[in-house]
Every structure is written in C-alpha cells, then in structure tokens.
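Just so you know, the protein sequences line up as chains A and B, in that order.
Mapping of the first sequence onto the numbering used here: residues 42 to 444, in sequence order.
Mapping of the second sequence onto the numbering used here: residues 345 to 725, in sequence order.
Rather than coming from a laboratory, the hints here were simulated on the basis of the structure.
Any given hint could be a false lead.
What the hints assert, rightly or not - To give an idea of the chain B side of the interface with chain A (calculated C-beta under 7 angstroms), a few residues:
| no. | residue |
| --- | --- |
| 1 | L378 |
| 2 | T388 |
| 3 | K660 |
| 4 | L697 |
| 5 | C705 |
| 6 | F706 |
Please read all numbers here as calculations on a predicted model, not as lab measurements.
The beta carbon of each residue, even a glycine, is placed where N, CA and C say it ideally should be.
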Amino acid sequence: MSDATADPRLVSARAAPKRSMRLSWSDPVFRAIVWQVIIVGVVAAIAWYLISNTNENLAARHIATGFGYLDRVAGIPIGETLIPYDPAVNTYGRALIIGVLNTLKVAVIGVILATILGTLIGIGRLSANWLLARLTAFYVETLRDIPLLLQLLFWYTMLQGLPAPRQSIHIGDLAFLSNRGMKVPLLEWQTAHSWAFLAFCAGAAGTWVWNRHARQRQYATGIRPAVWPVALGLLVGLPVVVWALLGAPFTLERPVLRGFNFQGGATVSPEYFALLLGLVTYTASYIAEIVRSGIQAVSQGQWEAGGALGLSRGLILRQIVLPQALRVIIPPMTSQYLNLTKNSSLAIAIGYQDIVSISNTTLNQTGQAIEGIAVIMAVYLTISLSISLFMNWYNAHIALVER
Amino acid sequence: MSETVATAGRLPTVAREQPPAGLVGPRAWMRANLFNSWLSTAVTLVLGYLILRAGFAFIDWALVHAIWSVPYSADGIANTAVCQNAKGTGACWAIIADKYRLILFGRYPYDEQWRPAICVLLFIGLYVVSAMRRFWRKELALIWVGTLVVIGILMWGGVPGLSLVTEDYWGGLPITLMLATFGLAFGFPLAVLVALGRRSTSLPAVKMLCVVYVELIRGVPLISVLFMASVMFPLFMPAGVNVDKLLRAQVAIILFAAAYLAEVVRGGLQSLPKGQAEAADALGLSYWKKTGFIILPQALRLVIPPLVNTFIGFFKDTSLVLIIGLFDLLTMGKVALSDPPWQSFSTEVYIALAVIYIAFCFAMSKYSRGLERELSRSHRR
Chain A
42 MSDATADPRL VSARAAPKRS MRLSWSDPVF RAIVWQVIIV GVVAAIAWYL ISNTNENLAA
102 RHIATGFGYL DRVAGIPIGE TLIPYDPAVN TYGRALIIGV LNTLKVAVIG VILATILGTL
162 IGIGRLSANW LLARLTAFYV ETLRDIPLLL QLLFWYTMLQ GLPAPRQSIH IGDLAFLSNR
222 GMKVPLLEWQ TAHSWAFLAF CAGAAGTWVW NRHARQRQYA TGIRPAVWPV ALGLLVGLPV
282 VVWALLGAPF TLERPVLRGF NFQGGATVSP EYFALLLGLV TYTASYIAEI VRSGIQAVSQ
342 GQWEAGGALG LSRGLILRQI VLPQALRVII PPMTSQYLNL TKNSSLAIAI GYQDIVSISN
402 TTLNQTGQAI EGIAVIMAVY LTISLSISLF MNWYNAHIAL VER
Chain B
345 MSETVATAGR LPTVAREQPP AGLVGPRAWM RANLFNSWLS TAVTLVLGYL ILRAGFAFID
405 WALVHAIWSV PYSADGIANT AVCQNAKGTG ACWAIIADKY RLILFGRYPY DEQWRPAICV
465 LLFIGLYVVS AMRRFWRKEL ALIWVGTLVV IGILMWGGVP GLSLVTEDYW GGLPITLMLA
525 TFGLAFGFPL AVLVALGRRS TSLPAVKMLC VVYVELIRGV PLISVLFMAS VMFPLFMPAG
585 VNVDKLLRAQ VAIILFAAAY LAEVVRGGLQ SLPKGQAEAA DALGLSYWKK TGFIILPQAL
645 RLVIPPLVNT FIGFFKDTSL VLIIGLFDLL TMGKVALSDP PWQSFSTEVY IALAVIYIAF
705 CFAMSKYSRG LERELSRSHR R
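Bound conformation, chain B alone (with noise of 0.2 angstroms):
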C-alpha cells in the first residue's frame, strides 16, 4: 500500500505514440468521408463524374470561349457578330461590360453616379457596423438616422455642390438596397409588438386585431400588395395628395415584412418553456420589464436563423417592383437587354445579376450562422 502511494508521483515516462497509421492523414479521412459504405463509395464516385463533367463544361463556357470584349462602330452601336457566332460555345461578358453602369445605377445622370456608389458603400458600411455586436447600443440608432440622412442628400441633391436629381431617374442596386433596408428597419420593431399583441392574454381586442392583420397580410402574394400600393392607394388619399410611388411600395413592404417578421418572433415566444415568465411574475417583474430582460432576449435568440432567412427572403422580394415598374436591380437588368443589339444574351445578364444577389445575401446567412454559433456557445454541450 505504501509502495503505491511513493510511487504513483513519479510515474514511469513512456514515449508519446502516434495515432494508427489508418486513423490520420487525408487517406484515413477520406475512407471515413468518402468510401466508408458501398452506397457511399457508389454515391461519391456518381457525384464526382457529375460534378467534374459539370464543372469543367462551364468554365469551358464561362472562361475558355468567352468573348470580353466587341468592336463599336463610329456611332456607338456595339457589333455584336462576334458574340452571336460564339453563342453556345462561349458566354458574352462583353454586355456586362457594356451595361454595367446602367444595371448597377440606372438613369442616374451618368455623371454624377459617384453618388449612387457611395450610397451603396453607406449601405455596405452601415450593415457591416449593425452587425458588430461592439456597436449594439444606444448610439447606433443615431448612426442608422445620421447614414440615411447623408444617403438622401447625395442621392437627391439639391443643395450646394450637388445638383437635383429626383426619385424618377434612381435605379439599380440602390433602389433595391433602400427598399430592404428601410423594410427591416422599420418592419421589425412593428412585428415585436404584433406578436406580442398576438401573444396576449388580457388584451383579446388587440390580440383580435394582430391575428386578423397577421394572417390578411400572409395571406396574400407580395404582388397583390403592391398592387394595391401603386392602384388603390392613390384612392386611399384625399384629392391633392400625392404620395411618391417609390415611397408607396416602400411602405407596402414596409407593412408585408412586419407580418411576417411577426410570425417568426411569435414562434420564438412560444418555444420558451412557460417557466421563464412564471418566474419573472414571480419575481414581480412589469409586464415591459418581464418582456424586455427576460422574454425578449431569449426568444429573439431563438429565432435567429429564421429570422436572417427572413431579411434575406425580403432582400429578395423587394425584385417584385419590376412588376409595379420601378426601376430596381432586376428591372435594371431586363432594361439593359432590350437593347436590340444585346437581346440573345440574357444568360449573362441573369448570372451577372445572381452574382450580385448571392454577394449580399450570402454574407447575411455567413454572418447569422456566426451569431446563432456565438450566442449559443452556452447552451451547447
């Protein structure tokens, strides 16, 4: 007994060992990824040809044959045989170098599209800060108010320095930046409260009213809406009044995302176990207070990922103003291919387009998957 005790202090050194040999390295790897079945090896060796075949015709077709650039003629007019004759074979990215300015900004006088640039740029920048968690407080409301206000100034103009430019000629990408961000912005403070007004117990008229509100708006498709806005609306008014079209459709998916942000908070709500607001009645807490330090910021944390689909789904959607004829991203894009010259090269245009889609949108999902990680690190096993 004793002798154990003296010697398990110093236990005998032994030499550090490798793993097996067919444990590590990417061989191992790949027989556990890879080929660990027969139906596995079956669906990675299927897979691969495709994906091979798939990939190599498409850089073939994307880059080897592509034509970058055609010949103009005195006039302006592209001469665009050289791309028909590839058609096919290779893509013509010569359209998107021809039409990038008008798909990207629209009619903005073509001089003054530096001011479109740096809005998109204030976009950028103002997600980029939203999403810091070190910037989530008071002050960010103001940077939020003080980056819309500059955005309006360059984009309008009119004072000194920079020329007027009305809400007729803006087009492309910032139209469809504006569109989504106002939409969250203001959508979402809105559907906290509807769903919380859903939620409730000892109001049944305002519950009456958000599930009415609520299940209307879901009800229908973001065209009819729109609809509305750009037909109806102007019957909405008194005579003399005239509402911008931009801002009309703007508040038509203004009121769309809030029911449906709506929705996904309420299931938040409802996936945390009763316990959370017994306890806090229990401690005396306000019905604000139980909300807002002990509901709120678990059910919110809940709901994150459905939420960020949400945005990305609304980011989206703001493309349907094609339909009402304003001049978003997408509408800019069918714009630039009526231009007979360049009429047979949609393929391009819509992958330019998706590029552009898929840059934003994928960078929210990144960013949400990120969040959803960070704040979940405590829950996790």
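For reference, chain A alone in the conformation it holds in the complex (with noise of 0.2 angstroms):
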C-alpha cells in the first residue's frame, strides 16, 4: 500500500504536457497569432490612412481643433431647459449639458412608458379575447412598418393643428391642451414634500431589507413571511404619515389663461409631446413583439411540467416560465431601450432642442465639424454603454448555467 506507485495504473492524474507551440501551419495555436496579427495589422492600417489623410486634409483646409470653443458665449436660444441658462451669458459648453439633459429627460420617460405600453399590448395579442388579440395585432403591424421619422413629422403636424390657447381642450380647470403645448397644474414644492420623499426612499430600502429577511426565512423553514403589507406600510405609508405630521401641504399652481397664452403651471411643449408620443408608442410595437415571442417561446411542455407537479398557474408563470422567458427577452429589449434613446435624435426633425439638434447648430456656428460629431457620438456612447452594461449585468444574472 505504502509503495502504490509501483503499479503503473495507480499513478495520480498529472498535469497536462506542457504544449510547446510550434512553428508550423497545422499548430493551431501559431495559426491563430498569424492570423490575428494579420486581421489587426490591416485594420490598423487602413486607420493609420484615414487619419494621416484627416490631418492633411485639415491642414490644407486652415482648420483648428480642439474644444476651446465649449467656453465661448453660445448665444443659442432654448425653449426648455432643465437647469437655469441665459444665451447671452452662458457658453456652449453649457448649452450642450442643458442638450443632454433635454434627450435624457425623453429617453427616460419614453422607456419606461414604453415598456409599459409594450407589455401589455404584448400581453394583449396572446389573450383568448378574439378581438383585443386581433386589434393589438393591427397596432403592432401598422406602427411597426411606418418609419418614425414619419411619425414623428405626423404626430408634430397633428399637435400644430390644435386648437388655439383659448379654446383649448381641457380637463376642468387643470389641464389644458393646445397648439402651445400641454399645460399641467405644478405643485408648489415644500420641504415637507422632501421630508416625504426622503421618507420613501428610507421605505425603499426597508422593503429590500424585509424582501432579504424574507427569503433568508424562506430558506431556512420553507415558509415565507409576507412581503406585500410591510412594502404597503414602508412605501405608502410612511412618506404620508411624514407629510402629515408636517402639515399635509398641497398647493396646486394651476395654469390660467393670459392674453394669448398660459401663465403658470407646467408646460409640455409640442415638440416634446410629440417626440415622446411617436418614440412611445412606436417603440411599445417592438417591445410588444418581444414580449409575446418570449412567452411564446418556452414550451407548451414547461406549462405542462409544472401542473404535473401540482403548482398553481401564477407559480408556474413566476417561477418557471418567465425565468425561462426573460432570457429570450432581455438581449433584444435592451436594443430597444437603446434604440429608443438614439431615436431620440430624430428630435431634430421637428425642432426639439435634444444633444443632436444643439450640437448641430454649434457647429454650424462654430464650423468645428469634427469636434460637433465626436461630442454627439460621445455623449450616446456614453448613455448606450451605461444602458447595454446595466443589460448585460442582468442578462448574466438570469442566464441559464451550462456546464
């Protein structure tokens, strides 16, 4: 026993030979450098070509570089804007962050909306209803094969054609719709709205940690404890009771009806309405589609599976299924969020001072093309990065483990 090596078929497992690459065309591993190194050289070539002629180019041209001039007056007037500017102070460094903010604020909205829509119109086509089924079907059909600029142009030429500030239509005396925009009323904002606010998030986290505890319990007797009251309690609860302790303030600035216009209240402008309608609604027909395929495509057998095992259909629809449906999902509705926020720069088409629209009239301006183009492209490459990394992080984390 003492002297097992003796016998040559006790012998442990060894490492693997240590490969040597060699020199030769059938080596895998010399087969994949020389092609690698060939594919890179000619790829770095062809760049090498291109900038070397750029530069000549700018050169004869007289053209400067560089982004000095983010620090001149910008002089640029613009309709909405989410933090204070004045185009006779401010620079266009200035005007492009107001240009972010403004596509931020549509991207924003327009996914969550859309998402929204989708689902439910997606959810809409596999019901046993004949005719919601046929009518969402329409909808995802027509919307999904008119290209959205041309929405878009429609949607901007629609809102035009409303009537004037003063026979507007209205819902009461609160909102009022017109060829100016939307007017909503806007509440007076006080510090015991903040208290409330800061009270939510406190419920926020909470829930999460009660969410935590509860499966933990879940874990380790088999039964979980209710989540849905204590996330009642933390997240509705809590911030109301705040805000009535300090007071239960609620001020409505209503919008009233000057001259030709509105004064006070909040503005949805036309062009922002009718952006954010054309990106909703155009891009809930993909998503739609997206959602139906991927319950689609877990199979009749993984419903049946689960019946035979005796759970109920909302338990095999949560546990079973839409794991299995959220793989198929997620990969093509993170192309649509991402699709979405770059549509948003259709916005230029119907006047909507988005980063594309702004940056557009800084480099006709300015004449700095290049610089315009690398600023627009920077600034999508940084939303699309954030948005596909935040994608891929869950779509590893539900990702079926193979071997």
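Assemble the dimeric complex from its two separately framed chains, guided by the hints.
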C-alpha cells in the first residue's frame, strides 16, 4: 500500500503535458497568432491611412481643432431647459449640457412608458379575446411598418393643428391641450415634500431588507413571510405619515389663461409631446412583439410539467415560464431601449432641442464639424454603454448556467 | 373469450353523430372568443364600440367627403379652394393625384420616368425571387449581380438609346429601395463574420476588434453616422478624391446595418446548445465546416424573425437620409408639401407615404413568419 506508485495503473492524475508551440501551419496556436497579426495589421493600416489623410486635409483647409469653443458664449436660444440658462451669458458647454439633459428627459420617460405600453400590448396579443388579440396585432403591424421619422412628422403636424390656447381642449381647469403644448398644474414644492420623499427612499431600503429577510426565512423554514403588507406600509404609509405630520401642505399652481397664452403651471411643449408620443407608440410595438415571442418561446411542455407538479398557474408563470422567457426577452429588449434613446436624436426634425440639435447648431455656428460630431457620439456612447452594461449584467444574472 | 375475439372484427355500426350544438358554429365561436367571461365581454363591447366609431369617422373623412381632384388655372397652378373648404371634414386626395410622380420618382426627367419605374419593379422581382426557396442556390448571386447591373444602367443611362441622368436627379422610391437593398446585401455577410469573430475564443485580438466595432456603431444613432458620412468622410479621403454623396450614405448604412445584424446573429449562435459544437469537434470537422454545416444553419433559423425585423428596420431607417439632404421617398413627400397651394395637406401625403412603407414592410414580415413556420415545422409538437 505504501508503495502504491509501483503499480503504473495507480499513478495519480498528472498535469496536462506542457504544450510548446511549433512554427507550423498545422499548429492551431500558431495559426491563430498569424491570423490575428494579419487582421489587426490590416485594420491598423486602414485607420492610419484615414487619420493621415484627415490631418493633411485639416492642415490644407486651415481648420483649427480642439474644444476651446466650449468656453465661448453660446447665444443659442433654447426653449426647454432643466437648468437655468441665458443665451447671452452662458457658454456652448452649458448649452450642450442642457441638450444632454433634454435627451435624457425624453429617453428615460420614453423607456418607462414604452415598456409599460409594450408589455400590455404584447400580453393583449396573446389574449383569449379575439377582438383584443386582433386589435393589438393590427397596432403592432401598422406602427412597426411606418418609419419613425414619418410618424414624428405626423404627430407634430397633428399637435400643431390643435386649437389655439383660447379654445384649448381642457380637463376641468387643471390641464389644457392647445397648439402651444400641454399645460398641467404644478405642485408647489415645500420642505414637507422633501421629507416625504426621503421617507419614501428609506421605505424602499426597508422593503429591500425585509424582502431579503423573507427569503432567508423561506430557505430556513420553507415558509415565506408576507412581503406586500410591509412594502405597502413602508413605501406608501411612511411618506404619507411624514407628510401629514408636517402639516400636509398641498397647493397647486394652476395654469391660467392670460391674453393669448397660459401663465403658471408646467408646460409640456408640442415638440416634446410629439417626440415622446412617437417614440413611445413606435417602440411599444417592438416591445410587444418581444414580450409575446418571449412568452411563446417557452414550450408548452413547461406549463404541463409545472401543472403535473401541482403548481398553480401563477406560480408556474413566475417560477418556471418567466425566468425562461426573460432569457429570450432581455437581449432584444436592451436593443429596444438603446434604439429608443438613439431614435430620440430624430428630435432635430421637429425642433426639439436635444443634444443632436444643439450640437448641430453649435457646429454650424463655429464650424467645428469633427468636434461637434464627436460630442454627439461621445454622449450617445456613454448613455448606450451604461444601458448596455446594466442590461448585460442583468442578462448574465438570469442566464442559464451551462456546464 | 372466444366470442369477443370473433366479434371484434365487425363492430356494430353507429350513425355518425354531430357534435353538440353548443360547440360549433358562429355562436359557439363568439362565446368562446368574445364573451367567455365577464371581463372578456366588457372588453369586447368597449373595443367594438370604439372601433366602429373610429372606423366610421375615418371612412367619412377618407372616402365620403373626400376631394379627388381640383381645377387648374390656365398656367397650371392648382386652385385648392375646394380642399381648403373641406378641411377637417374630408380628405384632399387631389394632392396625391397632383404630386405622385414627384413623390415616387423625384426630379428624374419627366419623360424618362419609366426607367425608375422599371427599376422599382426589378427590385420587387429580385425580392420575390430571393424569397423563393427554389432559387436558394449559387445562381441566385448571379441573378443579384445581373439585376443590380441592369438597374444601374437603367438609372444612369449614358448608353445608346438611354440619355445620361446623373444621380443628382435621382429621387423617391428607387433611392429608398437602393439604400436598403445594398445595405442589407453587403451588411449581412459582414455581420455573420463579425458575429463569429465576436464568439471566437482562440482569436482574442479579433474578438476585441469585433466587440469594439459592434459596440461603437450600436452606441451611436444612425444620424451621427450619416453626419459623419456627409461632413467628415471627405476629410478622410486623399485630396482630389471625391466620393458621391449617395455612395457615402450607402457605405454608412452598410456599416451601421452590419453591426446590428451581427448582434442578431450572435443571439442565434448563443442560443444553440454547446453540444452541437462539441459534437462537430468530436467528428473532427474543421472550424469552417463546423460553422457552415452545423452551427450557422441552425443558428440562422433560430433568428429569422429578429433578422427580418432588423431588415424592416433598416428599410425604414433609410428615411433618415432626409436629414443629410438625399432625396428618398420621405424627402420627396416633404418637397411635395413645400408647394404653396398644397402646404396644409400634410396628413394626406403622410398617409400615402405610410401606405407605401407599410406595403413593403408588411410583405416582408408576412414572408418571414411564413418561412419561420415552414422551417420550424419539424420542431413543433
């Protein structure tokens, strides 16, 4: 026994023999290196050629390069700004930041609304009600087949065709829809609201902690404590209590018609409204198809197997079908979120001042073409890569682990 | 025992029975599909009411009260007073009657417009032939090359019998079809290579290049790539070399499409079970044989619906060339609307354009679904 190595069959597992690369075409490692050198070399040569041409051309046309122009006074009037801006004082840099914020404003709201609308329509397509299934199918078929640019132009023309503020379409004396956009009342923000918001954040953190606790209890005992009453109390109850304790202040600043236009309240401009409407309805038609095919991609056998195990339909959907459907849904959904964000660049066609529009005005005024396009690309790359990274992380999180 | 065996051969004949009356026929269908629960009934009633109302209102506007033609003054200027009066109650289809040649063929010389018309038909014929599985063989490539050469000759002219028409005069539907067709034809092979490169484990440098290319292109909007093609591309070329604007936009669309298609193809490659590649390796197939005979046929079949969705997407996205000043279908619609007498009838023009786009895209998506069904027949239960 002590002399086990004497028997050659009992030799313990050895490390794989060390491979040495041979300089031969039949060695895959050598082949791989040669191919990579060739391909990377060709790409680098093309890049070098283009860059050297550009440098020569720029020198020949005496175009100065650099981002110095960002510090100059812009003088671009901007209709919608989330941060204070004065064209006579502020710089191009600040104008571009406003453009970025405007892009984000339409993209974030658009992604949320499009996901909700798209999921509803996708489920509607699978409905047992024939009329609902046909109608949602018609919606998807029509909206998907018309270029977004055409839809945006159409919505914008429609909104401009609305009556003037004096004859506006209104809901009570709260919201007014006219060719100047939509006017909605604005909540006068007070300290109590800030505290209520903080309470909401704390409630969200508390819900997360309780949810984790519930899961651990489930793993330990098999019984899952109810989460929703705690979540309701923390997310809704706590902020309301804080708000009520601080005197429950609630004053609305209502839009009032003065002369030819409204004063007070918040404005949703026709440009923003048309852009958001077009982006949401268009992207929702894609999301609907993704949701539908994701649910259908899970084979019928999965439902049947779940049923055979005695699981309820809701439990099968949540624990068996949805996790598998999400694997199909997430990658194309990421593309749709990215598409919506990038499609918001069509704002330039209807005059909403997003980053493309403002950057375009800037490059027309200053003549800095390369820098202008570089700014646009950098902004969208940052936004897209952030969304991509997040969704890739999420995708890896839910992916099936294979061997 | 012996009796049962004897009678088993001739079972007593029973009269064929109809299914119960409640299970077939229109009433049963309606009960199952429209009114099978309280919620379903409510949905049916509300939707039915809204659809009927909207439908009647649309028919009223688009057909009953529509204006189909307007009088012209002696110098050929349209008198659109009738249409102005009917605004809001009836559509003014007279603008389409007046402008359809401009919208479809742009500023192509009026007497020569049969040439772009034939080109459009050739493009459609090319799509139809490519869609038929009977033609899926090597000769299809020859058909493509031949048709595209004929289209080029017809559009340009400059040969005996055809006058020369430079691309400055091209416009409308042929431009849209051209940008889309070439974009997809050149983009797809590139996309497959990039997708394979991105999945490669033995070529890390190539994988890196593919990742950077795909993420860079997918990270920016098409507009910025088109801006690059129109503003920055001339700077990339050596002095004196002048590439046509249409070609520049075309290259931009090819590069853009390839990045998106590559991701779709990669999705298909990813969803194949690992065992397929391992089995091919075990059989001793080379990389290209494994890819060409085992991996791609299965992976591409899996991604047909998203592929066609991407195809349709690019067909529509060619409309963005409006922003860099190329005269595609949408741009021509806007040009038609810039004529003073017709300025306020954009809805009609937009609807007409939408119908053209829908016709092409709907046919494509219908085809893809049919193909998907046909290809997955063996896989369905």
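Against the structure, the hints come out as follows:
The beta carbon of B:L378 is positioned within 7 angstroms of a beta carbon in chain A (closest approach about 6 angstroms), and the interface hint is therefore held. Among the interface hints, the one on B:T388 holds; its C-beta lies about 5 angstroms from the nearest C-beta in chain A, closer than the 7 angstroms criterion. At its closest, the beta carbon of B:K660 sits 4 angstroms from a beta carbon of chain A; the interface hint therefore holds under the 7 angstroms criterion. Taken as an interface hint, B:L697 checks out: its beta carbon lies about 6 angstroms from the nearest beta carbon of chain A, inside 7 angstroms.
A least Cβ separation of about 4 angstroms between B:C705 and chain A falls short of the 7 angstroms threshold, and the interface hint therefore holds. For the restraint placing B:F706 at the interface with chain A, the shortest Cβ-Cβ distance is roughly 5 angstroms, inside the 7 angstroms limit, so the hint holds.
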